Amino acid sequence: MSGSEPAGGGYSASTRSDLPDGYTAPAPSDPASWDLAASERMSRSAIAGEALAEMADGDPRIVVLTADLKYSNRTSDFELRHPQRFFNVGIAEQHMVTMAAGMATFGYIPYVATFASYASLLCAEQLRTDLAYPGLPVRVLAHHAGIALGFYGTSHHATEDLGLLRSMANMTVVCPCDAESTRRALIDTLELPGPLYLRLGRGREPDVYPAGAPRFEVGRIAKLREGGDLTIVANGITVEAALAAAQTLADEGIETSVLDAHTVRPFDAEGLCDAVRSGGRMLVAEEHNVIGGVASACVEALMQGGIADVEIARIGIPADEYALIAPPTHLYRHYGLDAEGILSRARKLLAE
Amino acid sequence: MSGSEPAGGGYSASTRSDLPDGYTAPAPSDPASWDLAASERMSRSAIAGEALAEMADGDPRIVVLTADLKYSNRTSDFELRHPQRFFNVGIAEQHMVTMAAGMATFGYIPYVATFASYASLLCAEQLRTDLAYPGLPVRVLAHHAGIALGFYGTSHHATEDLGLLRSMANMTVVCPCDAESTRRALIDTLELPGPLYLRLGRGREPDVYPAGAPRFEVGRIAKLREGGDLTIVANGITVEAALAAAQTLADEGIETSVLDAHTVRPFDAEGLCDAVRSGGRMLVAEEHNVIGGVASACVEALMQGGIADVEIARIGIPADEYALIAPPTHLYRHYGLDAEGILSRARKLLAE
Amino acid sequence: MSGTSEREEGFGVSEGSDGQLGEPAGTDAGVAGASVAGAGAVSDELVAEIEARAAMIRRETIRLIEVAKSGHYTSVYSAAEILATLYSGAMRIAEDPQWAERDRLVLSKGHVAVGVYPLLAERGYIAHELLDQYTRLGNPLGDHPDMRRVPGIDFSSGSLGHGLSVGVGMAQAARLRGYRRTRIWVLLGDQELNEGQVWEAAQAASHFRLANLCAIVDRNQMGLDGDTEEVMSVEPIRGRFEAFGWDVLEVDGHDPAALAKTLTTLPEPGEGRPLCVIAHTVKGKGVGYMELSRTWHLGYLAPADAARTLRELEQA
Amino acid sequence: MSGTSEREEGFGVSEGSDGQLGEPAGTDAGVAGASVAGAGAVSDELVAEIEARAAMIRRETIRLIEVAKSGHYTSVYSAAEILATLYSGAMRIAEDPQWAERDRLVLSKGHVAVGVYPLLAERGYIAHELLDQYTRLGNPLGDHPDMRRVPGIDFSSGSLGHGLSVGVGMAQAARLRGYRRTRIWVLLGDQELNEGQVWEAAQAASHFRLANLCAIVDRNQMGLDGDTEEVMSVEPIRGRFEAFGWDVLEVDGHDPAALAKTLTTLPEPGEGRPLCVIAHTVKGKGVGYMELSRTWHLGYLAPADAARTLRELEQA
Ligand SMILES: Cc1ncc(C[n+]2csc(CCOP(=O)(O)OP(=O)(O)O)c2C)c(N)n1
Ligand SMILES: Cc1ncc(C[n+]2csc(CCOP(=O)(O)OP(=O)(O)O)c2C)c(N)n1
Ligand SMILES: [Mg+2]
Ligand SMILES: [Mg+2]
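Protein chains in written order, with numbering that gives the first Met the number 0: chain U, 0 to 351; chain E, 0 to 351; chain B, 0 to 315; chain S, 0 to 315.
Bear in mind the hints are in silico, worked out from the structure with no lab data behind them.
If you're wondering where the values come from, they're calculated on a predicted model, not measured in any experiment.
Be aware that one or more of the hints could be misleading.
[Said to hold, decoys possible] Heads up, simulated DMTMM-like pairs for lysine to aspartate or glutamate below, C-alpha to C-alpha not over 20 Å straight-line:
#, chain 1, residue 1, chain 2, residue 2
1, B, Lys68, E, Asp29
2, S, Lys68, U, Asp29
3, U, Lys347, U, Asp308
4, E, Lys347, E, Asp273
5, B, Lys68, B, Glu128
6, S, Lys260, S, Glu121
The shape of chain U in the complex, shown without the other chains (with noise of 0.2 Å):
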């Protein structure tokens, strides 16, 4: 049963007090050298599986499965308290996501863990005709998305997921940018009664919401900031960069709309077109192609809402690229998915 904690099978003990028994000792004593479990403690927002163990303390419905990946999403966290409520299947992540639609039949909630690029492409049908259509309340942690696997190339990256989920009947679609989000994001949609893909880093987010910050609501865009000369849409890891970008431009007097646009699935069409005036301007910065995601969201709902003659620009990976290889934020960096790259967008766009 992968339900108990592993029972050692011939691996020495940790000479590290903190890791779980079974651990063998890293040697090495260079303080910048690391190893998984060192790694693991460094993404200090990857709280989902500390959460999770929170959460189904006082829940018996919640439990959590991974493919293989328990450390790199620290769904360990949830194991070390609950070992009897965690499952992991192996490298299958096909039959994890449809096990768990099994589980939800018996009223349980089961959170389902992997790299984005298979939580969505891999299993995209188990999602569609497993999950969505019976509407079944499983939740899909979908880590490490957009190309936060920097230099692990593209079968790593997932740049296409919001395209694929934005068309998916019952599909609730949220991108938490922070741990406090991320905390938020999981505690609203509890009793959602159909699934839930969200859409998480890598685990190395700035802080961005306060704790216990009302702001962040599932459903409703968030206006983390207010001003009349420019609007910037952002989502995941660009809220932060957009936020930074706003601040420069106040310094020169612009003032700038900044809002989350985390749920992607309903999208909050109404609180954009409150946000963005006929003839103005808005920026969309994501981690996704530019085709399919949160800019073809917003063009939609001003469309709909009848706001027409915005100018509008997209930060995104460009729509016939795959990105090219570096650590994440080289690649943030180079595709101008961080502060510097949305300010110099933003100018380009007010210079228009």
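Starting from the structure of chain U, add chains E, B and S with the ligands where the hints point.
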């Protein structure tokens, strides 16, 4: 080897002279009765297998793969003529796509055929990682797309595929609406360096394009009718319906442009913007979720083209619904995808 | 007409220790199976009951497909005795199709549904009138079953290859909820075994030691395009399941006594190796010209032929 | 820097009979393997060559990961001797990395790429300078290999479970093109065998009788989260492949002589059962604290530790 013609293996010989060896005789005498072999012959527009068989006569690069559906998609027509270049992989669609990618690296141009639901959603990761990312010339014959499988229900419907594929870099997506455009699309794309997704119907589509029609050109919107009061953008089964609706409107003095937006990726934004005026009216009808498909492509194209104040209406599967159970034509009527549905939505739009 | 989900029931009532929900493990109070067979012996009555039920399935399939004008006769006919046996006491089900501790049946080969609906009507789970409108607009009964719209259907299916994963999830959940007598049945096609997800589920079932899971393979020798071993081999089925950690039994899938003996005398569901029952069958069984025919995976018998075929079935 | 595709070469030249392209089946003219082993005997020189090459792989992996600041040391170390053997004459490759009739190597466990790039540089397929900029923006060398940007890489990978399907396609294509001596090698992880697509490909390989396909399983006993049999069982690997119609050989994956004997004396590729070689290895082999460690699937050795570890490797 699946490459050779089935050698009988315990089956009694056919009594129908037009059945390949190994078919058993169906008993029915009631002329309305039919079996799989007869059903195959009813699919008059399912000519991909036959067209490829012809193309393959002079082109040794063409190979065809299917996943236990050779009768449903009539790749059996190809098998009869080129048994050594035909591969049935059984019910293993993902393997089929990746296997085709492997063959493409040896210079072959593989055509893989299965239901659109499985070609797109079940194989989404394989399409992205194994075809689109390395840019391999594999062609996906995704037949029975949309809700063409009627009362087979959601598992067999594909109303999310365009949303997925529009976000996929390097992917070309073409939706022929009849036999002739299917043939043209196959010929036009033969030398396409990257992958192709051919979204096909159920094979009972009436002729829209006359044989040898130059009007159908991959990559360019086909303007099938011109009129200034309204533009109807159609795709797949809605093309013929839109033409019929336009004829009725013309009889009443209302002039309608009918566009076949068959190439969904890359989208012919220019062609659309040429055909839709600012302040005009546009009706998009597609066999897809209303989010993420042709309508989204149109809205994005208009917004980018600076064409504002367009009154827009969409016909498709509602955002949060999975199609009901019914025969396909009943579903088309129910969801307003037939001539009558387009007509009545057009009238409403004109009255707005 | 809408199946209520178990989600609403039983939870939150009490806390329970971690990993086990608060509800008491179920009693048999709710069970009302048609005829629960005693261990070992298979009565003549039970055999007759299964035979009658299988005949009913075959007849009703013809009647329903006459409404739909297209359907999977042969995929039902190979499974008729299997389904009849499951619904003649092998499955622990009750008057309430949503009884929490019931056995579950996952129709992984979902296109067999047309043969299952008549059984659900017979049990009173759905109204008989629904059958008359099979596949018509607004009717919940389609070529593949919908758990949200059809009481008695435990999971929606249609995409081959998913069902065993569903079964693993259900079996794991049943154990976690303390339903010690609940068994999860999964009906698989033989060509369906080509799907890789079946093997992902198979490995998980044995790894998790789900002895409360029973997969039945309808070994009717054919997929859609022809003979399984010609299209894409699935043999040795026994060897494959054994290598994936399962116990395997083989049975004549058209012999009611053998089926009843096998399916009604399984050990109590518990921890251990999951069980695969290979039911040797004939695709199209019962209708001569359909048996092992390459042209009858899908078809339609118009009224005259339907009547003639019904007579053939009666004389068998 | 961009690998040219075979698509452009050789087609359309002549018509050929149906199903066989016009080019003449290849000769060995282009082959320039480092040291092609004779059948049967394994020379001391070859063993030494493999040992040296494996040591080079281990050293270079540390150097490259120092650039990347994150990488898969242990997944390379279990496969070091396997890769060294393949690139010491087992694979039929030539000076031209795009030679049409060469053997192909599909790195299904794509995260081993960092251990393969140095071999490609050694053969002159890629410039040595590229290694110094491993994973840096604009460099073609990533954690997973890209066939379009790295000559010598026969397929792009990274998603576990796909590689054997690629191999089946290549083996089928090689046969169709009449490349009678071309063998397709696929390197698989052991935990990777959980992926259902591996079994879809496995069944197809035996069904199509692709004896020109050789899968090597790096049986290093672990996946990412721990021991394979604890995370999700893959055993019996031999039994599973045999049940899917394969021949199976087992070999000590760290013994150069045994590997060379096995991999260089395979029968001519032809029609028949495909071959699976289970290479018994140790994840992290060569670095004491990494061997079978649960914390070293991914890691980074900063300069001081890297230097210390390089010394440990040299003393081995
Ligand atoms: C994933 C998937 N691929 C393809 C199909 C189409 N399909 C329906 S039935 C069938 C053949 C099934 O053969 P088998 O599993 O042996 O079942 P049988 O009808 O013989 O009982 C196929 C390919 C499907 N339903 N699901
Ligand atoms: C489809 C897929 N799922 C998950 C991953 C993430 N991942 C990378 S390596 C790995 C473990 C691989 O274990 P194994 O196959 O035994 O290879 P090893 O590193 O031990 O050689 C996982 C889960 C992946 N690359 N692809
Ligand atoms: Mg069958
Ligand atoms: Mg391993």
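Lys260/S and Glu121/S: Cα distance at most 20 Å?
-> Violated: Lys260/S and Glu121/S sit about 23 Å apart, past 20 Å.
Can the restraint linking Lys68/B and Glu128/B be considered satisfied, given a maximum Cα separation of 20 Å?
-> Given that 20 Å is the threshold and the Cα spacing comes to 18 Å, the pair holds.
Does Lys68/B pair with Asp29/E here, judged by a C-alpha cut-off of 20 Å?
-> holds, 13 Å
Proposed proximity, Asp29/U with Lys68/S (alpha carbon, max 20 Å) = Holds: Lys68/S and Asp29/U sit about 13 Å apart, inside 20 Å.
Regarding the pair Lys347/U and Asp308/U, is the alpha-carbon distance no greater than 20 Å?
-> holds, 17 Å
Decide if the proposed pair is consistent with the structure: Lys347/E and Asp273/E, CA atoms, cutoff 20 Å inclusive.
-> Given that 20 Å is the threshold and the Cα spacing comes to 24 Å, the pair is violated.
Hint compliance for this structure: hints 4, 6 are broken, all remaining hints hold.
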